[in-house]
Amino acid sequence: MQDAKDILINYIKDNQEKLYRIAFSYSKNEEASLDIVQEAITKSLKNIKQLKEEKYVKTWFYRILINECLQYIKKNKRIITCELQEIENAIEWKDGITSDEIDIYKDIQKLENKYKTIIILRFYEDLKIEEIAKITKLNISTVKARLYKGLEILKKFIENNE
Amino acid sequence: MKNIKKAKNVYNSIKVPKELDYVVNRAITSENRKRNYSILHFKYAISTIACLFLCFVVMINLNPSFAASVEEIPIIGNIAKVFTVLEFKNEDDTKLIEAKIPALENTGNTELEKRINYEIMLKINEILKETEERAKEYKEAVIATGGKEEDYKPINIQIGYDLGYSSDKIVSFEIHKSETLASSYTEYYYYNIDIETGKKLNLRDLLGENFKKIVDDSIYSQIEERSKNPENSYFKKEDGGFNGIENEYQDFYINKDGKIVIVFEKYEIAPGYMGKQEFIIDKKIV
Chain A
0 MQDAKDILIN YIKDNQEKLY RIAFSYSKNE EASLDIVQEA ITKSLKNIKQ LKEEKYVKTW
60 FYRILINECL QYIKKNKRII TCELQEIENA IEWKDGITSD EIDIYKDIQK LENKYKTIII
120 LRFYEDLKIE EIAKITKLNI STVKARLYKG LEILKKFIEN NE
Chain B
0 MKNIKKAKNV YNSIKVPKEL DYVVNRAITS ENRKRNYSIL HFKYAISTIA CLFLCFVVMI
60 NLNPSFAASV EEIPIIGNIA KVFTVLEFKN EDDTKLIEAK IPALENTGNT ELEKRINYEI
120 MLKINEILKE TEERAKEYKE AVIATGGKEE DYKPINIQIG YDLGYSSDKI VSFEIHKSET
180 LASSYTEYYY YNIDIETGKK LNLRDLLGEN FKKIVDDSIY SQIEERSKNP ENSYFKKEDG
240 GFNGIENEYQ DFYINKDGKI VIVFEKYEIA PGYMGKQEFI IDKKIV
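Sequence order for the protein chains is A and B. Letter by letter, the first sequence follows residues 0 to 161 in numbering that gives the first Met the number 0. Letter by letter, the second sequence follows residues 0 to 285 in numbering that gives the first Met the number 0.
This is chain B alone, in the form it adopts within the complex (with noise of 0.2 Å):
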């Protein structure tokens, strides 16, 4: 039942196009009139709003400076594919919330692109809701606990995002998020998207079938290196130290050598002051 109402959050949502208030008056009208309703005027309502909007997008592509500007929206690497798409800062007596939400674009895939883009809003839509409750109940139990209100600072979020790859058949890029408190934690999202199919790659996919060996003996003897450095002190393998990996969903990104790094999120296979760790899997990829 509870579910149910909070799906109503969800109905509340879904859009309203602008041709509603003239699908009623329209209506309502002439019905008064006691004229027939006829759809013609409607359909040719909807297509003067369609020329108008196509009379636009001629002037953006005639007007030199605001061409220009649309150059300046971030292009990384040859190919626009990921961008910038909202960006926007939140800020309350409770949290500060910095984002800048990736989308992707211009991969010739647009049923991918939305898909994509959809599942992207998704999860910062998720992460922005669980922190603003994180942060009120983090304020009440301040107070709850003879804390006064300004002894309370705000959380600080950051939400932002890289690209590590982009070619014509490959897009990998990463989310993260930032979260500040008294020290600060990072999580981190990774998409390495196959552009012609719209699969979501794995290891396998682009290692072949031996893709447990190849990164296994390649990390193993990148950790073996590392830890000559007596400041690097990796967990060892009783103590919940890197044990091979466990599947091909092992987080990862692609570089902008087209190389894959696999990733360990802070205190996974190391100790908190290591941070996150990166291990570069020297083979090319299928």
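Just chain A, same shape as in the assembly (with noise of 0.2 Å):
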């Protein structure tokens, strides 16, 4: 584990905008987002050690980073107020964005965390259940249960949108 550092630090900088979005999807807040992964880099540099197997860096980081993105929310609840306008100030406009793909992408941020993580590690961060479960520390059938959850509540979200 000589270079874990090293494995460390590519994998930030070559996913910082993916580890900036997560945070984003929590704090809604650009500032506050940077905040996040700041705050997740210098954990993770500070634990290094306890990277067991450099093939695992990914879901370890991710780890550190929704626990930080959690971690914000607990502090600032009064803050957050679903700021969905500050949702679509952050878009950036290119050809070929709906406003039923806006209208989905909020409700997804509306759905509690416990799903909202799951979902989005599943389906923007393409990640299979069993790294979920790693990252969430839960066993792979609660991920599936709750993946089948959050979908049925967002299901019924978009048909009320319509």
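These are computed hints drawn from the structure, not numbers from a lab. Nothing here was measured: the structure is a model prediction, and the numbers come from that model. Any given hint could turn out to be false.
[Claimed, not checked] On the chain B side, residues computed to face chain A include the following (Cβ under 8 Å):
| no. | residue |
| --- | --- |
| 1 | 7 |
| 2 | 16 |
| 3 | 19 |
| 4 | 23 |
| 5 | 117 |
[Claimed, not checked] Coverage of chain A stretches by chain B, computed from C-beta distances (three or more under 8 Å per stretch; other residues unrestricted):
| no. | stretch |
| --- | --- |
| 6 | 35 to 44 |
| 7 | 103 to 110 |
Backbone N, C-alpha and C define an ideal beta-carbon position, used for all residues, glycine too.
Put the two chains together into one complex, using the hints given.
In structure tokens:
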């Protein structure tokens, strides 16, 4: 594990935009997201010894990042009131984004954190159920149950939009 | 599930601030050097950026040639309220898109501007997406039915806008999209906005409770008048012709004289050769 640190640093640098977007999904605020990413990096480097195997760098780091996000939310409960307007402002307009897609994205933001985490990791970060289980320290069947439950709630939100 | 995947588009278009690079690098190096990270440095960096930006703004104001070119941005009417925010051309083997996209500015109501400009952007993105898909499908259909690649003519799309009316209280404009394949077809989207309240105005707001009678009477008599010309042949009531407006949300805009113009799209109340039909309602708006 001599170069575990280098592996981690490379991983962070290569994925910094992804990491920022995860943080933004929770905080919905630019400055807060930067703080979260920053905290997560500092913590991960400090605790690099906990990283047992290099191949787990991704799940290990996600874990730290998501914990940071959840902590931020706990501390700032009063400030975050589903800032949907902030989401709209944060979107960079490109060809092909439709209002339906934006509505769905907003619906995902409305989910309880335990569902949101799993849906974001599964669909937007394309992680496997096993990886999500590692990140959230849940067993596989709980992850599956939450995923389906989350999708069910989401479906109801989407139907309400129509 | 498919829908959720689709929203990935949105997720991936969340803007990443320029400072991210700085924050990440700083976190890595400071932790590597075992130094305590100080948020002050970051704040300082941000304020430096803000300062640079300020200088830039001041320069714009001091540079007469730049100021002159800013003034050349189409100012329609007395107050610059609707202007071209983006102009682009997008061409490939299936389509040619030329677009001039408007935005609302200088209303003194920034929340309203944000909302309306967002709405406009959404509308245009939707139009573009739809067109792209249709163009692709159409090309595939041409080839599937034995047509040659070179037989296919790209669909031509033009998006533009026109300002109807603008005062310090109301702004009215239209966005239009023309699509030309074999024949051409234009769609219109109207925006009539109360600048103070941000409300989208409808006919009831402008003409009062009696709006339907005012509009219907005026249109009936104008149709009668125009029908005296044998070249005009409006559909009869029973064949789907004009039969009174349905509600206050009927399409309209406000013209330069501040009068309401009711609009019916091509084919809506008259045969296609007569085109889009407009009726000026000669009554002062509320």
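Structure-based check of all given hints:
1. Because the closest C-beta pair between residue 7 of chain B and chain A is about 5 Å apart, less than 8 Å, the hint holds.
2. Look at residue 16 of chain B: its Cβ gets to within about 5 Å of chain A, closer than 8 Å, so that hint holds up.
3. The interface hint given for residue 19 of chain B holds, since its Cβ lies 5 Å from the closest Cβ of chain A, which is under the 8 Å cut-off.
4. Because the smallest distance between the Cβ of residue 23 of chain B and any Cβ of chain A comes to about 5 Å, under 8 Å, the interface hint for this residue holds.
5. Contact between residue 117 of chain B and chain A, as hinted, is supported at the beta carbon level, the nearest pair being about 6 Å apart and thus within 8 Å.
6. Judged by the Cβ-Cβ criterion of 8 Å, the stretch 35 to 44 of chain A is covered by chain B as claimed, because 5 of its residues qualify and three suffice.
7. Under a criterion of three residues with beta carbons nearer than 8 Å to beta carbons of chain B, the stated coverage of the stretch 103 to 110 of chain A is upheld, 3 such residues being counted.
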